[in-house]
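K.L.:
The primary structure of each chain is shown beneath.
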Amino acid sequence: MSAEDQAALRARDVTAGYGGDPVIRGVSVRAGKGQVVSVVGPNGSGKSTLLKALTGALRVTSGQVWVGSREVTNSAPEEIARAGVGYVPQVEDVFAPLTVRENLEMGGYLLDRHELPGRIEHVMTVFPRLATMVRRPAGKLSGGERKMLAMGRVLMLRPAVFLLDEPTANLAPAIARSLLTEHVRQLAEQGAAVLIVEQRARAVLEVSDLTYVMGGGELRMAGAPAELAASPEFVASFLGGRPGAGTAGPGMV
Amino acid sequence: MYYLIILLVYAAVDVIACLGLSQQFGVAGVTNFGFIIFQAAGAYVAAALALPPDTANGGFQLYIGGFSLPFPLPWLGAAAAGGLLALPFTFLVGRRLRGDFAAVGLLVTAVLLNLLVTNYRPLFNGDAGMAVVPAPLAHGMFVETSKGYQYAFAAGGIVVAGVVYWFVRRITESPYGRTLRAMRDNDKVADSLGKNLLALRTGVLVAGGAIAGLSGGILVSFIGVWSPPAWSYAETIVLFTAVIIGGAGNHLGAVLGAVLVPVGFEEVTRYISNGDQNLPPNLLPSLQWVAIGLLIAVFLWLRPQGVLPERKRVISAPDAAPGGPGGPGGGGIRPARAHHPARSRCEGPEILRASAVSREFGGVHAVAGVSLSIARGTLTGLIGPNGAGKSTLLSLLAGTDKVSSGQITYSGRDVTALPAYRRARSGLVRTFQLATEFKRLTVLENLLCAMPGNRGDSFLGAVAGRRCWRADEDLAIERAMTLIAEFGLTRHANDYAGDLSGGQRRLVEIMRALMAEPEMLLLDEPMAGVYPELARRIGTALRDLCQQGMTILMVEHELAIMDEFCDPVIVMADGAILAQGTMAELRDRSDVVEAYLVG
Amino acid sequence: MSLLLSSVGFGLITSAVLAIAAVGFTLQFAVTDVLNLAFAGVMTAGAFTAYLVNQAGYSVWVGLVAAMAAGSVLSALLNYLVYAPFQRRGAAPITLVIVSLGMALIIEFGIAAVAGGVGVSYRMGQGRTVRLGGLVLTTVQLTIMAISLVVMVGVHALLRYSRLGKAMRATAANRMLARTCGIRTGRVIAVTWAVTGALCGLAGTVFAIDVGSFDPTSTDIFLILILAAVFLGGPGNAYAAMLGALVIGLATEISAAYIQADYKYVVAFVILLAMLAVRPTGLLGTRT
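Residue numbers (our numbering), protein chains in the order written: chain F, 1 to 253; chain C, 1 to 599; chain P, 1 to 288.
Take the hints with a grain of salt, since some may be wrong.
Said to hold, decoys possible - Partial list, derived from the structure: chain P residues whose beta carbon lies under 8 Å from chain C:
| hint | residue |
| --- | --- |
| 1 | Ala66 |
| 2 | Met103 |
| 3 | Ile106 |
| 4 | Val120 |
| 5 | Leu227 |
| 6 | Ala256 |
| 7 | Leu272 |
Derived from the structure by calculation, the hints contain no laboratory data.
Fair warning: this is a prediction, and the values are worked out from it, not measured in the lab.
Note that CB positions come from ideal geometry on N, CA and C, so glycine has one too.
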């Protein structure tokens with residue numbers, strides 16, 4: 001578990017949904033500084049809903065969310081962003097009509113004017129491909145470029161917490177792998193807490209410090225990635241088939 | 001006394017107009033900001049039909065027509081004119097245009113037609129309009145200025161208003177009216193259930209236009225003048241205010257609104273202003289308009305449903321609905337095919353085939369060259385990671401989205417070019433991933449809507465009346481109640497579908513699709529958000545249906561369900577089909593495991 | 001030839017006035033999601049504010065600045081008191097359109113109740129006559145065109161180079177994403193009402209200067225031209241609105257010269273309906 005008592009991001013017993021029945025029930029997660037924490041699980045297990053609840057895009061009907069020592073349960077999304085949370089949604093992750101540079105400027109909206117060029121410079125060194133297309137509208141980028149722009153946009157503010165919603169979806173495997181092993185890992189190494197949601201679990205497990213498995217809107221398992229990956233219940237939680245899947249395993253929740 | 005008569009006639013005219021608007025806006029959800037031009041057109045035609053040729057009056061007014069036709073031909077002509085005028089505008093409210101954009105288009109039409117008429121003298125006598133329009137029957141047995149004649153006219157107007165009320169009610173309370181309300185709540189879903197939106201909206205515009213035209217004809221033959229400035233677009237807003245205040249979707253509300261707003265409010269203050277000479281001439285009429293604007297905003301804020309809200313249609317089952325003892329999952333759901341004798345002719349092992357089907361969104365292939373064949377009577381599962389293209393493929397098969405390339409064959413017939421509602425009518429019915437119930441229809445009504453072959457589900461059938469469609473309706477209610485009982489929702493049959501829980505709404509959607517008597521069902525995550533026990537019950541019901549001859553293709557991510565009920569299961573990844581087999585076989589294939597775990 | 005040239009001259013002036021209004025309208029729609037049919041009413045309010053200032057003895061150009069302030073305040077109030085509460089409640093777009101029509105009535109006829117229904121004019125000279133090639137224009141007309149040009153450049157600069165303008169575009173493109181960037185979109189929207197309201201007041205006044213005599217309902221028809229310009233280019237796109245204004249302005253005035261002056265609006269009408277039917281997203285596609 002987290003080395004520090006004071007997690008960068010902490011959610012306790014979060015229940016949330018889209019107005020009808022709750023989609024996620026009683027979910028607790030935490031991510032410490034410098035950690036990559038992954039949430040995996042099959043389609044419809046509630047992973048994206050969890051992230052939306054954490055960013056304030058969705059109402060939390062019960063439970064609490066803290067960023068550092070500040071409680072942000074049901075704060076407005078812009079206030080949660082100001083508290084130091086950067087969010088990369090799964091789709092519609094960039095401002096399509098704005099240019100690459102303008103997208104980055106929007107990412108750095110809260111920075112002082114004189115800080116902007118330096119930060120943009122920095123993002124360009126992290127994602128060198130973006131430097132070659134600063135004036136192109138984001139809507140005309142390829143899938144991989146687009147995702148890098150979305151990550152770069154969030155990077156602008158140096159957030160304490162990154163929330164990444166299936167960043168590798170629709171990316172070619174090689175690009176997906178480099179995104180995870182280079183960039184996501186790097187974010188954590190620079191001191192941020194990264195909470196990453198992935199459906200394609202194996203690759204993200206390799207870069208995670210801690211992994212939660214979700215199913216049916218609830219946490220099913222939690223633990224060290226290597227341990228989880230070795231357990232038959234883990235595969236079963238994705239493809240089903242073995243009776244008792246999700247009822248036993250390392251680090252049961 | 002004369003004042004009272006005028007009020008009565010105006011009331012009759014406004015009531016008729018508001019009923020037409022209530023039908024369009026409240027029932028069918030078509031926001032016709034150009035409503036007034038249909039009234040104006042009716043009035044003009046009534047005047048032109050009743051007047052003698054314009055050469056007879058020494059040329060002081062010009063117009064087309066002048067047929068000196070006897071009553072009631074001018075009124076009938078007025079209704080016909082209003083209806084015909086609607087036809088060219090149906091393209092605005094068809095399939096593709098956002099409702100508010102269409103409303104803007106109609107508003108613009110109203111303003112500009114008024115401008116055109118005002119400025120073009122030979123056609124409509126320009127700004128001056130027309131005067132000395134003969135009153136009905138005036139030259140025969142009555143003298144038109146006599147008190148008796150005036151009362152008779154008012155009584156006649158009220159009778160016509162009564163007939164129009166009877167007419168719109170007959171339409172609204174028919175299966176056709178229910179379809180209109182379904183379209184109002186969610187047009188895309190209505191489309192997928194086999195409702196032709198363009199035809200429905202055309203019908204609504206034409207019927208409303210005819211009613212508006214009739215009201216104009218009555219008005220012009222009473223006041224004897226037709227003048228363009230009286231038909232400004234703002235008059236449409238008055239009628240809208242009346243319908244909103246009275247209660248959109250409730251025709252009694254429209255009558256009440258007509259009496260409250262155009263008559264009570266406007267006409268009465270108009271007479272007050274005529275009485276007081278000390279006020280500036282423009283002040284009171286201006287303040288009236290301000291008040292109308294305030295009324296709209298205040299009512300939409302405080303009581304958007306109006307004084308008399310749309311009432312809930314509670315339907316009691318014809319006889320005690322069967323299916324009680326079997327209880328949920330009793331397995332008695334049968335795919336009834338009584339209405340489709342033609343379908344069973346082309347029985348073959350294969351019901352649906354897709355050949356190299358692709359769909360591109362701005363350079364990205366969401367579905368890339370998928371070929372599949374679905375055998376009759378199977379419950380086929382479709383699984384795959386997020387973004388694999390499952391939902392898109394389902395849309396292509398159902399016709400709610402168009403293929404970029406490839407071919408789709410259904411029951412041996414090429415349906416690639418057929419729109420969704422035509423495919424639905426030939427037995428290929430889909431459901432949607434997000435809850436898509438018709439919110440302001442009850443559970444029972446949601447189901448009834450989907451029943452094909454109801455004779456009351458057409459304009460003419462609705463006009464013909466209950467006698468024509470009662471048998472169909474009773475049959476539909478019986479089937480619906482049986483289904484509702486099978487799925488354990490009998491208690492909620494007469495609740496608004498929008499008030500149910502998420503899981504219950506999924507059930508409504510599945511039941512509704514079953515009511516459409518499909519040969520083949522395309523289900524998009526029917527068990528999403530449903531608790532496991534209910535999901536299994538749905539699965540059992542679906543398997544029973546397939547054993548009785550139905551074919552189902554189902555996108556679902558709850559793999560336990562796939563294990564238990566689906567054979568075969570198709571795996572998609574990156575827009576293409578990766579594998580096909582039983583769940584057990586698939587689980588042993590490393591490429592499938594990799595697709596899920598690695599991608 | 002001189003007929004064509006003079007109608008082109010008129011067309012350019014109409015386009016100039018129209019462009020200010022259309023850009024204001026379309027930005028309002030793009031950022032705030034309100035199809036504000038009370039726009040013409042706010043124009044009238046601006047024009048009458050300028051009239052009051054003009055009557056008090058100041059130049060109409062001073063009045064023009066006052067009109068911008070009035071349009072700005074009135075639009076911000078409309079949003080704060082009416083549209084924003086309805087939107088917070090999740091009202092359907094069509095409900096907001098109907099509410100905006102109600103607001104249009106309140107503003108227009110509220111002015112009519114105070115000002116009376118008669119036409120009024122500014123006290124101002126038309127300036128010297130200037131010949132440019134074959135075009136004959138007054139200095140006032142040239143000033144209107146210059147103002148319009150400045151506004152277009154200003155809007156371009158706002159949208160492309162200022163922090164606020166970019167935040168406006170980001171809000172229009174994806175409101176939730178903008179919020180997760182820390183942008184307080186509620187404020188951006190409020191400011192957008194103020195800015196587009198100022199454009200609206202400006203447009204109302206130059207419209208009144210251009211037509212000479214105006215009354216509280218004069219802008220009704222002009223709203224139709226605005227809608228035509230906005231939908232021709234593509235709703236929500238400022239550059240499309242500029243293009244639409246140019247096309248509609250020229251088309252109406254040139255057709256007025258060759259067909260009959262009274263039918264010039266019919267051309268705009270036909271263009272608009274054809275666009276709505278064939279390509280609802282407009283010439284330049286969707287929002288910027």
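K.L.:
Run every hint past the structure and note whether it holds.
P.N.:
Here's how the hints hold up against the structure:
1. Ala66: Violated: closest Cβ of chain C sits about 23 Å from Ala66 of chain P, beyond 8 Å.
2. Met103: Hint holds; Met103 of chain P Cβ to chain C Cβ min 6 Å, cut 8 Å.
3. Ile106: 4 Å, holds
4. Val120: With a closest approach of 13 Å, the Val120 of chain P hint is violated.
5. Leu227: Nearest chain C Cβ about 6 Å off; hint holds.
6. Ala256: At about 12 Å, which exceeds the 8 Å cut-off, the nearest Cβ of chain C leaves the hint on Ala256 of chain P violated.
7. Leu272: 6 Å, holds
Checked against the numbered hints listed earlier, the structure breaks hints 1, 4, 6; every other hint is satisfied.
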